[in-house]
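**Q** Quick note on UniProt numbering: the sequence shown kicks off at 1 and runs consecutively.
Think of the hints as simulated: they come from the structure by calculation, not from any bench. Note that CB positions come from ideal geometry on N, CA and C, so glycine has one too. Any given hint might turn out to be false.
List of simulated lysine-lysine pairs, DSS-like, C-alpha gap at most 30 angstroms [claimed, not checked]:
| hint | residue 1 | residue 2 |
| --- | --- | --- |
| 1 | K206 | K242 |
| 2 | K230 | K214 |
| 3 | K150 | K260 |
| 4 | K189 | K150 |
| 5 | K194 | K179 |
| 6 | K276 | K242 |
| 7 | K300 | K225 |
| 8 | K230 | K242 |
| 9 | K84 | K29 |
| 10 | K29 | K141 |
| 11 | K300 | K214 |
| 12 | K214 | K110 |
| 13 | K288 | K244 |
| 14 | K260 | K282 |
| 15 | K82 | K108 |
| 16 | K179 | K141 |
| 17 | K244 | K300 |
| 18 | K91 | K108 |
| 19 | K282 | K269 |
| 20 | K189 | K110 |
| 21 | K150 | K108 |
| 22 | K214 | K282 |
| 23 | K214 | K242 |
| 24 | K276 | K225 |
| 25 | K108 | K206 |
| 26 | K194 | K108 |
| 27 | K244 | K206 |
| 28 | K141 | K189 |
| 29 | K242 | K225 |
| 30 | K269 | K206 |
| 31 | K284 | K206 |
| 32 | K29 | K91 |
| 33 | K214 | K168 |
| 34 | K260 | K110 |
| 35 | K110 | K84 |
| 36 | K206 | K179 |
Quick list of simulated restraints, FRET-style, between CB atoms [what the hints assert, rightly or not]:
| hint | residue 1 | residue 2 | range |
| --- | --- | --- | --- |
| 37 | N64 | M200 | 33 to 41 angstroms |
| 38 | D238 | K141 | 53 to 61 angstroms |
| 39 | D298 | K168 | 25 to 33 angstroms |
| 40 | K141 | K84 | 28 to 36 angstroms |
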Amino acid sequence: MAGGGPNLECRMYESRYPEVDMAVMIQVKNIADMGAYVSLLEYNNIEGMILFSELSRRRIRSVNSLIRVGRTEPVMVLRVDKEKGYIDLSKRRVSEEDIAQCEERYNKSKLVHSIMRHVAETMNMDLEDLYIRIGWPLYRKYGHAFEAFKVIVNDPDTILDPLTYEVKETGPDGQEVTKVIPAVTPEIKVSLIKNIRRRMTPQPLKIRADIEMKCFHFDGVLHIKEAMRKAEASGTEDCPVKIKLVAPPLYVLTTQTLDKEQGLATLHKAIEACTKEIEHHKGKLVVKEAPRTVSERDDKLFLEQLESLRRGNLEKSGDENSEDEDETGMGDADIDNAGLNE
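Using the sequences and the hints, build the whole thing.
**A** Okay, structure coming up:
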C-alpha cells in the first residue's frame, strides 16, 4: 500500500478460487457485447463473467431486466481456469436453495471479514497474515469462522489459546528451523475480543401485543386483575411477560428475549391464559395487535402516546370512573379513537 501501511485487501477464504458448482456472491461491474463482467466479492473481487446465454432459461427480451451494473446477487460457478484466471458463471443455473445458502454464508463471512479487517488495521498488520494465523484455521476447524466468533463472545480462551503458527528462523548453525509459536499475541487477542463482542453480542428483541379486555360481571375489577396475573405467570426467566394498562380497556403485553420465536410463542401463551381467565368470569378479550417485534422507535412512539393519554386523563374534569376502574380498565374508553395506531 502507498505510504508503507498494512495491506488490508484479502479474500475471505483460504482457497484463492471458488469450486465448480458452488454458488458465490458477485457484483456486476460492466455489461459488454457477450455478457456481464462481475467481481467475486468473497474472493477479493477477482473478475468473472456471465455470458448472456447463462442469464435465464427463458428467451431474453431485455438484458437490463435480468442484470444491472451494481447489482449484488448469488450465481453458480461453471468453470475455473486457475492458470489464466478465467471464471465462468451462470445466473440461470442457481437454485432458490443455492441462493439462500449463499446469502447466509456471505452475510456471515462479511461480518467476519469486517472484524478481521478492523483488527488488522488497528494492529498495523497485513490482513492476509491475520487470516493465516487466525481466520482460516477457524474456518477449517469450525466450518465457518463465524461459529467460532460466536463462542469467543463468552469463552475466548477456549477458541484462541490453542491456535499456533509456524515461523521459520535461522539457527545458530546457520540452518533454517521451523518454530511453532502461539498464533494470537496478547495484543491481537485483546483487539479481536473487543471487536467481536462489540459486533456480535446479541441484543434482546422487544415483542409487544395490544389487547382490549372488559368484564362487567360482579367483581369485574378483581377478575381483570387475576387475568393480568395469569398472563404474567405465563412468562419465563428468559422471557418475562409484563402487562400494562394503557387506557381503559386497552392493555399492552410486552417481553424481551434473544429468541424471537420463543418471545412470540410466550406472548401468544400469555394471551391464551388471560383470555381463558377473563372468559371464565363472563368477560371478553379482543386482540387488537398480535404479538410482533417492535423497534426502539416504535417503543418511543408508544411511550409518548401513553404519556399523552395519561395527561389527557389528568386534565379531565368530572371523571365518572372510580379509581379502581381507571387502574384496571372496565371498558368505558373508545379505543378506536385512543390515538394508539402506529
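**Q** A separate judgement is required for each hint: does it hold in the structure or not?
**A** Against the structure, the hints:
Annotation: proposed proximity of K206 to K242 holds, straight-line Cα distance about 12 angstroms (limit 30 angstroms). Proximity of K230 to K214 is assessed by CA-CA distance (about 15 angstroms); at most 30 angstroms being required, the pair is judged to hold. For the proposed pair K150 and K260, the alpha carbon gap of about 18 angstroms is at most 30 angstroms, so the pair holds. Among the hinted pairs, K189 with K150 is consistent with the structure: their alpha-carbon atoms are about 15 angstroms apart, no more than 30 angstroms.
At most 30 angstroms may separate the alpha-carbon atoms for a hinted pair to count; K194 and K179 meet this at roughly 29 angstroms. Under the criterion of a C-alpha separation no larger than 30 angstroms, the hint pairing K276 with K242 is consistent with the structure, at around 18 angstroms. A distance of roughly 26 angstroms separates the Cα atoms of K300 and K225; the hinted pair therefore holds under the 30 angstroms criterion. Distance check on the hinted pair: K230 and K242 sit about 11 angstroms apart at the alpha-carbon level, within 30 angstroms; holds.
Of the pairs offered as hints, the one joining K84 and K29 holds, with about 20 angstroms between alpha carbons and a cut-off of 30 angstroms not exceeded. Taking the CA atoms of K29 and K141, the gap is about 34 angstroms. The hint is violated against a cut of 30 angstroms. For the hint linking K300 to K214, the alpha-carbon distance of about 27 angstroms falls within 30 angstroms, and the restraint holds. With a C-alpha separation of about 51 angstroms, the suggested pair K214 and K110 falls outside the 30 angstroms cut-off, and the hint is violated.
Our distance criterion of 30 angstroms between C-alpha atoms is met by K288 and K244, whose separation comes to about 15 angstroms. For a cut-off of 30 angstroms, the pair hint linking K260 to K282 is broken: about 33 angstroms separates their Cα positions. The straight-line distance between the Cα atoms of K82 and K108 is roughly 26 angstroms, inside the 30 angstroms bound, and the hint therefore holds. Only pairs whose Cα atoms come within 30 angstroms are accepted, and K179 paired with K141 is accepted, the gap being roughly 22 angstroms.
Simply put, K244 and K300 have alpha-carbon atoms about 16 angstroms apart, close enough for the 30 angstroms limit, and the pair holds. Restraint check: the Cα-Cα separation between K91 and K108 comes to about 22 angstroms, which is no more than 30 angstroms; the hinted pair holds. Pair hint K282 plus K269 holds up; C-alpha atoms about 20 angstroms apart against a cutoff of 30 angstroms. With a CA separation close to 20 angstroms, the supplied pair K189 and K110 stays within the 30 angstroms bound.
Between K150 and K108 the CA atoms are separated by roughly 11 angstroms; this keeps the pair inside 30 angstroms, and the hint holds. Between the alpha carbons of K214 and K282 the distance comes to roughly 9 angstroms, so the proposed pair stays at or under 30 angstroms and holds. For the hint pairing K214 with K242, the CA-to-CA distance comes to about 18 angstroms; that is within 30 angstroms, so the pair holds. With a C-alpha separation of about 13 angstroms, the suggested pairing of K276 with K225 holds against the 30 angstroms cut-off.
Annotation: proposed proximity of K108 to K206 holds, straight-line Cα distance about 24 angstroms (limit 30 angstroms). Restraint check for K194 and K108: satisfied, since their Cα atoms lie roughly 18 angstroms apart, inside the 30 angstroms limit. For the hint pairing K244 with K206, the CA-to-CA distance comes to about 15 angstroms; that is within 30 angstroms, so the pair holds. Annotation: proposed proximity of K141 to K189 holds, straight-line Cα distance about 18 angstroms (limit 30 angstroms).
At most 30 angstroms may separate the alpha-carbon atoms for a hinted pair to count; K242 and K225 meet this at roughly 13 angstroms. With a CA separation close to 16 angstroms, the supplied pair K269 and K206 stays within the 30 angstroms bound. With a CA separation close to 26 angstroms, the supplied pair K284 and K206 stays within the 30 angstroms bound. Simply put, K29 and K91 have alpha-carbon atoms about 15 angstroms apart, close enough for the 30 angstroms limit, and the pair holds.
Under the criterion of a C-alpha separation no larger than 30 angstroms, the hint pairing K214 with K168 is inconsistent with the structure, at around 78 angstroms. Taken as a hint, the K260 and K110 pair is honoured in the structure, with Cα atoms around 23 angstroms apart against an allowance of 30 angstroms. Taking the CA atoms of K110 and K84, the gap is near 27 angstroms; set against the 30 angstroms cutoff, the hint holds. With a C-alpha separation of about 51 angstroms, the suggested pairing of K206 with K179 is violated against the 30 angstroms cut-off.
Taking 33 to 41 angstroms as the suggested C-beta distance range, the pair N64 and M200 conforms, at roughly 38 angstroms. Roughly 30 angstroms separates the CB atoms of D238 and K141, a value that falls outside the hinted 53 to 61 angstroms. Separation of D298 from K168 is about 58 angstroms and departs from the stated range, judged on CB atoms against 25 to 33 angstroms. Against the hinted window of 28 to 36 angstroms, the Cβ-Cβ separation of K141 and K84 comes to about 33 angstroms, which satisfies the hint.
In this structure, the earlier hints numbered 10, 12, 14, 33, 36, 38, 39 are contradicted, and the remaining ones agree with it.
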